[in-house]
Structure formats: C-alpha cells, structure tokens
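Engineer: These protein sequence lines map, in sequence, to chains U and C. Letter 149 of the first sequence, counting from 1, is numbered 175 in the numbering used here, and no numbers are missing. Letter 35 of the second sequence, counting from 1, is numbered 47 in the numbering used here, and no numbers are missing.
The set of hints was computed from the structure by calculation and includes no laboratory data. All residues carry an ideal CB built from backbone N, CA and C; glycine is no exception. Check each hint, because a few of them may be wrong.
Covered, in the sense of this in silico footprint (three residues per stretch, anywhere, with C-beta under 8 Å from a C-beta of chain C), are these stretches of chain U [said to hold, decoys possible]:
1. 87 to 96
2. 122 to 129
3. 135 to 148
Below are the BS3-like pairs computed for lysine-lysine, each with C-alpha atoms no more than 27 Å apart in a straight line [as the list claims (entries may be wrong)]:
4. U:LYS112 x C:LYS106
5. U:LYS138 x C:LYS74
6. C:LYS106 x C:LYS42
7. C:LYS42 x U:LYS138
8. C:LYS136 x C:LYS79
9. U:LYS43 x C:LYS106
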Amino acid sequence: MEQVFIKPPEKNSNVNKRELLFTFQSIIVTGLLAFTAIAFFFYNHLAIEKGIKVVFAPFLSVVPLLFVLSILRDLRHGFIEGNYAKREVIKFCVIAASITAAFTGITFLLSKIDALEILLAAIMAVLSVVFFLRSKIKDILGMSIITGIAEGIIIYMIFLF
Amino acid sequence: MVTTGISIVVFIYLVFLGYDEIKTFKDVIKIVSSVLFPIPMLFFARFILIEHFIPENTDAYKLKNQKPAVILLGATMFVGIGFMWLLETLTHQKLEDHLIFAHLINSTTVSSYVLNYILYNNLKANGILSGVMLALAMHVFFISN
C-alpha cells in the first residue's frame, strides 16, 4: 500500500505519482473487463458458434489500435505538477459521472450479446480504447474517462445484473 | 487501526452471514463488485487532490483536533445507527437481506479510512469515518437480530 501512494524520494514528484495512479487505474479497468467477460460467459451460458471467429475477433480492434498508436503523436502534454483549479475539478467530475452512466448502459448492451465471439470483440474494443487513452491521452481527461468506465461496469454489476 | 480491525471483523461476519444466501454465481459477482466499488473512485480523488492537505502530524495539531474529532465520532455513530434504524423501520426490511449495501458501505469507508490515514491524516475526517464504521459494526452485532 505504501509503495503505491508514497514513492521513493528521488522520484517524488506529483507528475510521477499521477502517472502511477493512472497506470493502476488502467490495470483495474483491464481486470474489470476480464471479470465482465468471464461473468457473462458463465452466467449467460454463451456458446461458441464458429470457432474461427474467436480467433479473429481480437484483430478487429487491435489492428486499428496499433495503427493509430503508431502514427499519432501524444495528444496531451502529460500531467501537471500542481493542483487543479476548482472549475477543472468540477468539469472532470461531471465528465467521469457521465461516462459512468454511459458505461452502465454499454455494459447492459454487452449482457444482451449471446455469442462469445461478439462479446470478445466488444470487450477487446473497449480494452483498445483504454490502452489508447493510457498511452496517448495521459491527462486528467483520460483519467476521468477510465474512472467512468470502471465505475460504470461496477454499478451495472451491483445494481442491474 | 482499531477501527480497521473492527471493520475487517464485520466484513468477515457479513461474508459468513451471507454464506447461505450465496446460492448462485450471480451473488458472488455482486459481492466482488461491491467490494471493488470504491477503489477507482478513490484513485480518481487521489489523482485530483495530489497535494497533502495536512503534511505534519505534530502534537500541537493532535491536541487542537482531539475534541472535535471525538465529538464527530460520537455524533456520526449515533446518526448512523439512528439512520439505519429509521431506514429499516420505514422500509420493513433488514440490512442483512441486502448484504450488497452493507458491503458497499463497509468497503467504501474502509478504503477512505486507509487513504485518509496514509495521506492526509485529517483527524476530523478520521472521526467521521470511524463513526460510520462503528455504527455499521454495532448495528450488525447488537441491534438487528
């Protein structure tokens, strides 16, 4: 726990701390997406209709992701050292809350999918978005969106599943 | 640290209490997600509030905040117990029948408590969070049967 929150003194800047938190958040989201896939797979008794589709499902979103990552430069200038202004904090909290609501809906749509390969493709698409945010939009905006995704999945699981 | 211990006991108790209610895979998913619920939110809060509010944990600071913290602890405890009692009377349902909510309250409070303990060390916030945890513990142990 202390390793997570209190960095060693030589790298003890806020930028590094923010980056670390961002990385942890994206790891949590990845875990949650895997959790969602497993949960829906076992609970809805999904069937594999065509084996070949399962092999090709991830490529659908991974290939465009790699392409975009390779040609695009960093969209933001990274994390800032100081505190955020009050207006920014409110703005990004609202963004996080609305993404949460949106992702509750998206998870609901995912639960309606009745074939494993389509579910896999959809989950991989979300995962690609997360990795894109993680590597290119290293900013509070990316953090708000990732938080929204995580909370949306959790809220769906608790209250609607 | 005592309150963290109490909360862990409550947590284990809740799991055992709900043990015979965990019938399907669905219940497991619900409990896991309710325990996970606060973590992304806390990371987000930590991300925004990167600076320490109160960096020093001096004797003078402790002395100054002792009284308000204790008052807040007591007040939150009674308000918490009263609120839960009121809610149960109004809806004619028991907290034990809705374990998800108990887990949700518990895990949220524990994570905020740990975060506060490590980073901000705000004694008033400590009082409030301890109050919530104690209220939940007392409610589960003594009041609802």
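Engineer: Which numbered conditions among the earlier hints are violated in the structure presented, ordered from lowest to highest?
Structural biologist: Of the numbered hints, 1, 2, 3, 4, 5, 9 do not hold.
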